Amino acid sequence: MGIIDVKNLHKVYSDTKIPVKAVNGINLSFQEGEFTSIVGPSGSGKTTFLNMIGGLDTPTDGEIIIDGKNISQLNSRQLIDYRLNHIGFVFQSYNLIPVLTAIENVAFILQLQGKSKKERNKRAKELIDAVGIGEKLHNRPGDLSGGQQQRVSVARALASKPQFILADEPTANLDSKSTNDLLDIMLKMNKESNITFIFSTHDQRVMDKARRIITIDDGVVVKDERIDD
Amino acid sequence: MIWSISWRNVWRNKIRSLAIILAVTIGLFGGIFTYAFMIGMSVQRTNAAIEYEVSNIQIHNPKFFLNEEINYTIDNPNKLITVIEKTPGVKAACKRIKCPGMASTSVTGTGIVINGINPEKEKLVSKLYTKLIAGKYFEKGDKIPVVVGQKLAKKLKAKVGSKIVITVANVKGVITYGAYIVIGIYKTGNDIFDEANIFVESKGFSKLIGFDKSKTSEIAIILNNNDDTKKVTDALQVNFINEINKGKITIQTWEQMQPALNAMTSMMDIMSYIFLIIILIALAFGIVNTMLMIVMERVRELGMLMAIGMNHKKIFSMIMLETIFLSIIGGVFGIVISIFIVNYFNIHGLNLAVVGEGFNSMGYSSIVYLQADNLFYIEAAILVIITAIISSIYPALKALKLKPADAVREDA
Numbered sequence: 001m002g003i004i005d006v007k008n009l010h011k012v013y014s015d016t017k018i019p020v021k022a023v024n025g026i027n028l029s030f031q032e033g034e035f036t037s038i039v040g041p042s043g044s045g046k047t048t049f050l051n052m053i054g055g056l057d058t059p060t061d062g063e064i065i066i067d068g069k070n071i072s073q074l075n076s077r078q079l080i081d082y083r084l085n086h087i088g089f090v091f092q093s094y095n096l097i098p099v100l101t102a103i104e105n106v107a108f109i110l111q112l113q114g115k116s117k118k119e120r121n122k123r124a125k126e127l128i129d130a131v132g133i134g135e136k137l138h139n140r141p142g143d144l145s146g147g148q149q150q151r152v153s154v155a156r157a158l159a160s161k162p163q164f165i166l167a168d169e170p171t172a173n174l175d176s177k178s179t180n181d182l183l184d185i186m187l188k189m190n191k192e193s194n195i196t197f198i199f200s201t202h203d204q205r206v207m208d209k210a211r212r213i214i215t216i217d218d219g220v221v222v223k224d225e226r227i228d229d
Numbered sequence: 001m002i003w004s005i006s007w008r009n010v011w012r013n014k015i016r017s018l019a020i021i022l023a024v025t026i027g028l029f030g031g032i033f034t035y036a037f038m039i040g041m042s043v044q045r046t047n048a049a050i051e052y053e054v055s056n057i058q059i060h061n062p063k064f065f066l067n068e069e070i071n072y073t074i075d076n077p078n079k080l081i082t083v084i085e086k087t088p089g090v091k092a093a094c095k096r097i098k099c100p101g102m103a104s105t106s107v108t109g110t111g112i113v114i115n116g117i118n119p120e121k122e123k124l125v126s127k128l129y130t131k132l133i134a135g136k137y138f139e140k141g142d143k144i145p146v147v148v149g150q151k152l153a154k155k156l157k158a159k160v161g162s163k164i165v166i167t168v169a170n171v172k173g174v175i176t177y178g179a180y181i182v183i184g185i186y187k188t189g190n191d192i193f194d195e196a197n198i199f200v201e202s203k204g205f206s207k208l209i210g211f212d213k214s215k216t217s218e219i220a221i222i223l224n225n226n227d228d229t230k231k232v233t234d235a236l237q238v239n240f241i242n243e244i245n246k247g248k249i250t251i252q253t254w255e256q257m258q259p260a261l262n263a264m265t266s267m268m269d270i271m272s273y274i275f276l277i278i279i280l281i282a283l284a285f286g287i288v289n290t291m292l293m294i295v296m297e298r299v300r301e302l303g304m305l306m307a308i309g310m311n312h313k314k315i316f317s318m319i320m321l322e323t324i325f326l327s328i329i330g331g332v333f334g335i336v337i338s339i340f341i342v343n344y345f346n347i348h349g350l351n352l353a354v355v356g357e358g359f360n361s362m363g364y365s366s367i368v369y370l371q372a373d374n375l376f377y378i379e380a381a382i383l384v385i386i387t388a389i390i391s392s393i394y395p396a397l398k399a400l401k402l403k404p405a406d407a408v409r410e411d412a
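The listed protein sequences derive, respectively, from chains E and U. Residue numbering for the first sequence is 1 to 229, as defined by the numbering used here. Residue numbering for the second sequence is 1 to 412, as defined by the numbering used here.
This list has only true hints and no planted wrong ones.
DSS-like mimics (lysine-lysine), calculated; alpha carbons at most 27 Å apart, straight line: (1) U:121 / U:248; (2) U:14 / U:314; (3) U:231 / U:63; (4) E:17 / U:403; (5) E:69 / U:403; (6) U:403 / E:7; (7) U:314 / E:115; (8) U:136 / U:187; (9) U:14 / E:136; (10) U:313 / E:69; (11) E:115 / U:313; (12) U:136 / U:155; (13) U:121 / U:143; (14) E:118 / U:313; (15) U:163 / U:203; (16) U:313 / E:117; (17) U:63 / U:230; (18) E:17 / U:401; (19) U:207 / U:79; (20) U:403 / E:21; (21) U:314 / E:125; (22) E:118 / U:314; (23) E:117 / U:314; (24) E:161 / E:117; (25) E:122 / U:314; (26) U:123 / U:154; (27) U:123 / U:86; (28) U:401 / E:21; (29) U:86 / U:230; (30) E:161 / U:403; (31) U:314 / E:161.
Worth flagging that the hints you see were computed from the coordinates, not collected in a lab. As the structure is a prediction and not an experimental result, all values here were calculated from the model.
Whole structure, please, built from the sequences with the hints as guidance.
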């Protein structure tokens, strides 16, 4: 049993003329400390799959068991709490709060968790330092490069001490250097702190660093490959 | 941090925020200015009515009002006045002989109300003597003096020194004439009053009509504070319970004597609130529109906030706070500007001489001293906050309907 167990997961979009089976019976298990890429062509269902294990979308059928709890049965309020306390998100477009500084963006999630000001500032600073932009603590997203913004986004995802981090195309908007720097940081976190990363990506550079590559097509897992160090 | 985010969000699009702040400022100023104008006008009218016309309280024979009949009098007025002047809250009281008559010059004649007064005592109750625009008030040695209103003087084509013949029915009902010399012309700002009322000395007038000096038609009472009118009236009604029960006198407040004035004051008060609420409703639509634009522009950001675990209550509060901040800034500016402008016109008056004649003909002064009490400013501020809260509900609900999975992938 892993930290995430997905059993016979289905997602059908019925609000179209012809119902679309975005995910069509996926069975997967993720172990703690994995660095996994989910790959597949556009429309293959990888984002839908990621959204469901991230509690952003609900399955039509099947189970997502995290820590022995089936999250597909949670209501929207419970899902918000679940996301806040168990998952870190890294988005393709960084999605930082533009009016907050780097440290405030990271501390914000800790405030949502009800942490004290002292505690959240200490942890936010540590994380910003850890992602290598300690000198940009008080810069707003608009004053940071794409790579720097995505590092803040990673720091924010780590802030809540999640069980795993879901990253949806995190390098899609980054140049090579920024991509490599970001992947190195995430690999370092993965190795040093045993944090589980699950990526949805098209980016070969991400796939090259991944130690497990799951290929999805037409809503089913067509390949699940583990790569040894 | 929700407060901080909301506050900073206000300034993300400065021009748009300033536009809505300006709209709230101008709208609120418009509402407060209108209120202060209407209240100022009605308070002035009320004060004028009390100071120059009816005083706070009047006592008459109950039948006097049938036709202001000269024979329906109050017995022993001096005795009553002694009791009245000892009543707490009373500043002064005086008696008047009052009856309808006719004033004529060589040019024309018109119906009037003749007020026979003791000029010195009258001065303690009425400030009419301060409203003379020509001539002078009564002085010892004046022969057959009369003080008339400007409107009447104009109508009779009379000026200071002109002779006016007063025709009146004496106590026996016989038509009597008396010639008077105009010594003063007053202008209260109420054309209706100025056109109808003339003032003569009661001493000579009572002789002319054969009026019993131990009686009077009217006792006018002025108080130290208008707010005490009801309290003093109640006290007088207790003091004169026997006279009232015997049907000898009736005591009335200015509100009872001038019900239209009282109704007008209440109506203006209500109208001001209605006007302010209409302005705020119009503003609410503007605020809703702006906040909807803001929500639509921030779909991805709101989706992200939901995705990372910000609950509905906090999202709702964030949007509501942003709306409240926008409105409060506008509200503060609106109130501050209003306080300055209302205070300025409270001291210097707003001169509406261009339309003065129209105002005067309705009984209102053409110089309006704006007036708004502190409570109204507080109420206006509360109304702005309520407007902001109501305006934020729809945009905030719209935000809550966003699906985080779709919203985070929305194009920027």
